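> Chain residues, written in single-letter form:
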Amino acid sequence: MEFLWEVLADAVEVLSRAGPELWVVVALTLAVSAASTMIGVLLGVPLGAALALGRFRGRGVLRLAVSVGMGFPPVLAGLLLLLVFWRSGPLGGLGLIFTPAAMVIAQVVLATPVAAGVVSGSIRGLGMVPMEQLTALRLGRMARGMVAVREARAGVATAVAASFGRVVAEVGAVLVVGGNIVGETRVLTTLIVEESRQARFGAAVAAGAMLLVIALFVNIAVGRLGEDGL
Amino acid sequence: MGSRSWLTAVLAAALAAGALTGCSSGETRVTVVAGTTLVDGRLLERVTADYEGRRPDVRLSVVGAPSARALALAEAGSADVTITHDPALEERFIAEGRGELATEVFSSRFILAGPRPESGALKGMSAVEAFRWIAEQGHPFVSRADGSGTYQVEREIWDRVGVDPTGREWYVETRQGMGLTLQVASQREAFVLVELSVFLTAEKTTGLLDAALDPAGLENPYRAIAVKGSPVREESLAFVEWLGSRSGREAVRRANLELYGAQIFEP
Amino acid sequence: MRVSLRYPSRDPVLDVEGLELIEGRRTVVFGPNGAGKTTLLRLLAGTLPGGPGWECAYLPQTPHLFRGGTGWNLGLGLDAPQSARAEELAARLGLGDRLSEPAALLSGGERQRIALSRVLARQEPWVLLDEPLAPIDAEDRAAVAKLIAEGVGERGAVIVTHDLETAAALGTHIAVLVEGRLRQQGPLGEVLAHPTDSRVAGVVGVSNLWEGIGVARRGSFSVARVGSVQVWGGGNIEIGTRCRVLFRGESVAILGSEEGSGSVRNRWGGRVAEVRQGGRWVELEVDVGGVELTAVITPGAMDEMGLEIGSTVVTGVKASAVRLLPGG
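Protein chains in written order, with this note's numbering: chain A, 39 to 268; chain B, 124 to 390; chain C, -13 to 314.
Keep in mind that the hints are not guaranteed to be accurate.
Unchecked claim - Label-pair ranges, simulated between beta-carbon atoms:
no., chain 1, residue 1, chain 2, residue 2, range
1, A, Pro128, B, Arg356, 31 to 39 Å
2, A, Met76, C, Gln47, 35 to 43 Å
3, B, Arg178, A, Val62, 49 to 57 Å
4, C, Ala77, A, Leu102, 31 to 39 Å
5, C, Asn19, A, Arg93, 27 to 35 Å
6, A, Ala65, C, Gln47, 22 to 30 Å
7, A, Met76, C, Gly20, 23 to 31 Å
8, B, Arg215, A, Leu102, 56 to 64 Å
9, C, Ser(-10), A, Ala207, 40 to 48 Å
10, B, Asp282, A, Ala65, 31 to 39 Å
11, A, Pro128, C, Leu91, 43 to 51 Å
12, A, Leu114, B, Val286, 27 to 35 Å
Unchecked claim - Rough simulated footprint, nothing fancy, chain C against chain A, three-plus residues with beta-carbon under 8 Å:
no., segment
13, 179 to 190
14, 248 to 256
Note that these hints are calculated values from the structure, not bench results. Keep in mind that this is a model prediction, so the values were computed, not measured. Glycine residues also receive a C-beta, built at the ideal position from the N, C-alpha and C atoms.
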């Protein structure tokens, strides 16, 4: 027990004298997670609506890809992107590897299927009555999707929360494509990995606490988004 | 499923568990904490396998850690043998009476690797000259900036140049292992001080070039130390002794040949 | 056109052959719960696979208003002129000032009116309505029915209902569906008065449906003239407008050969034109002043009065058993 108290006391001390170095990490964590969630949701929501409502060739394959993508191992996604963005790899010329941009791309890859899966599920969960009405209205493809997404607004909020949760908590992909470089690509999760590896448990717990606070605030904010409106 | 196939399944599971934990009776476990390079590069794996072949009663658990941390773990009683490459720390460790039978077991060297044209231009320079040139040019340089022996050597060179690169725009600190640091250097077309075996393993993928500096001052000697007060002192001492012995050196040579086709970690 | 529809994945299987649907007619698909009416309509509308999936304006059994404004819902799927028409219809149904409210605040009847306005504003050649009057309060049904008839206009309509009054108010033709099969179809009055078999009679009953013109109003009752006959019945019919008269054959009493007094408002003298024995009941066809009336009586009563073809009788129906429905 004494050991745990020491770690906690240490964590409190780290937080109390948190300098710019920690704030840089927090800021980057927020920026990368927010950007990738936003892009992931922007891509995932139309994709999810298309999967739930559309009748097109390859829908089954796409649906499968989304299910697999929802549980895709982040570190594997990171590895595949590392190969793609490696300087001598197919997209190496972009010079993205070990930059926050690469981290955002990796997390978009992780977030998009989550957003798509959640939205697709909640649209299909609307039930027979709204779905039949939607067909009866004979709307165009876009309008149909927009009405369905609007109706499943709580699902969109869940999609935002789930995507953010996945990316903010994720360490494998950002570590591989970002490199956890101090002041450049270090985020809270990779910091935690690093600190625990170096047995600086107090600092690791302090970073973990920051991560938890961020996750909490985002979930509260997103919960509001899903509630309002009739 | 019949009762017989159940039995088979349970038996197989038990066997698998046994193999995973290696808990056959009568084995003595010796924890060896060694520089990450040795572990990541698989050299130590081969050498310990060789030793375990000779001493079936001993099992060596190898853990990789930067030198400073390896010695700290030993100090905390979590290691029985250390193999590190930070002479200053090792001296202190021995002076404090924490280790015994310190044996220089093999030695590799550091090289400066960097992008092609610039690396070529540094050929034959001393490390200090090369580092000064990098600082003057403000050419990107990637550092591990952790508690590793590699970083110690790098800091000593900077000290001799009289430049503190920390915080400079061209100086990137990864604070991580050699592998990732080398990757970052490769992708940023930066210079990096890297242990030779690591460089050779990743030479193709990194696309960096050995600057072929004057090797003076870039030696990288590894020392094995048996930790005093280890509960398996006898086995620890025997292993360290063997590493320094003719037979141990033979094992290191074989491992070098198999892995690199040359004597990179020279015994 | 004759339509055949089959939908095997329900119990009982829907298997309709030769359903006659003709543009300009409003065909009521009538039947008890579980007869397959809604499935039939869904197949026509294309919301279930395996049917023709017509170009149609379709009102589902439970129309849904989506989360958002009432006005926004009203305009869904409509172009600008259609939207304007929908707003006009909604205003006529008393919802003109509710369009800025969230749809979730509307009552069931109000939602139905919005959904109806939205469907009737569309321009497709067919209008399919599933129980359009069910969520509407009884006293408002006549007005909504009138709006539906106007909104459909000269197009074809298929209207599903299990309610006889709704059928009489909205249909020109009827198709009776029992356990997934088409049992009888034809002009509404004909089928109501002459069910071909006891199954249909059991479902629809035997009813008189006449067409007339409103001639007077007294409180909640109106008087209509049908040929040379005057009929009192419940309902608000504007004087001079066309209306329908609906009463069941069982409501008709044979008062004997003399015109006596009593509380029965409608009494018409006539001559028995036809007698149909139907097991427990007897259907009498009586010619009252040139109008054909169907009465359902017991065989005992018939024997007692010694009725036969050519007998002169006085028939009577209480005004409260007669419904007068606007339109024609």
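> All the hints need checking, so say for each whether the structure fits it.
Okay, the hints, checked on the actual structure:
1. A:Pro128 to B:Arg356: 31 to 39 Å: The hinted range 31 to 39 Å is violated for A:Pro128 and B:Arg356, with Cβ atoms some 55 Å apart.
2. A:Met76 to C:Gln47: 35 to 43 Å: Given a distance of about 41 Å, which is inside 35 to 43 Å, the answer is holds.
3. B:Arg178 to A:Val62: 49 to 57 Å: holds (50 Å)
4. C:Ala77 to A:Leu102: 31 to 39 Å: violated (50 Å)
5. C:Asn19 to A:Arg93: 27 to 35 Å: Hint holds: Cβ distance 32 Å, inside 27 to 35 Å.
6. A:Ala65 to C:Gln47: 22 to 30 Å: The hinted range 22 to 30 Å is violated for A:Ala65 and C:Gln47, with Cβ atoms some 55 Å apart.
7. A:Met76 to C:Gly20: 23 to 31 Å: violated (50 Å)
8. B:Arg215 to A:Leu102: 56 to 64 Å: holds (59 Å)
9. C:Ser(-10) to A:Ala207: 40 to 48 Å: For A:Ala207 against C:Ser(-10), whose Cβ atoms are near 58 Å apart, the range 40 to 48 Å is violated.
10. B:Asp282 to A:Ala65: 31 to 39 Å: Hint holds: Cβ distance 33 Å, inside 31 to 39 Å.
11. A:Pro128 to C:Leu91: 43 to 51 Å: violated (56 Å)
12. A:Leu114 to B:Val286: 27 to 35 Å: At 41 Å between Cβs, range violated.
13. 179 to 190: holds (count 4)
14. 248 to 256: violated (count 0)
In summary, the numbered hints that this structure violates are 1, 4, 6, 7, 9, 11, 12, 14.
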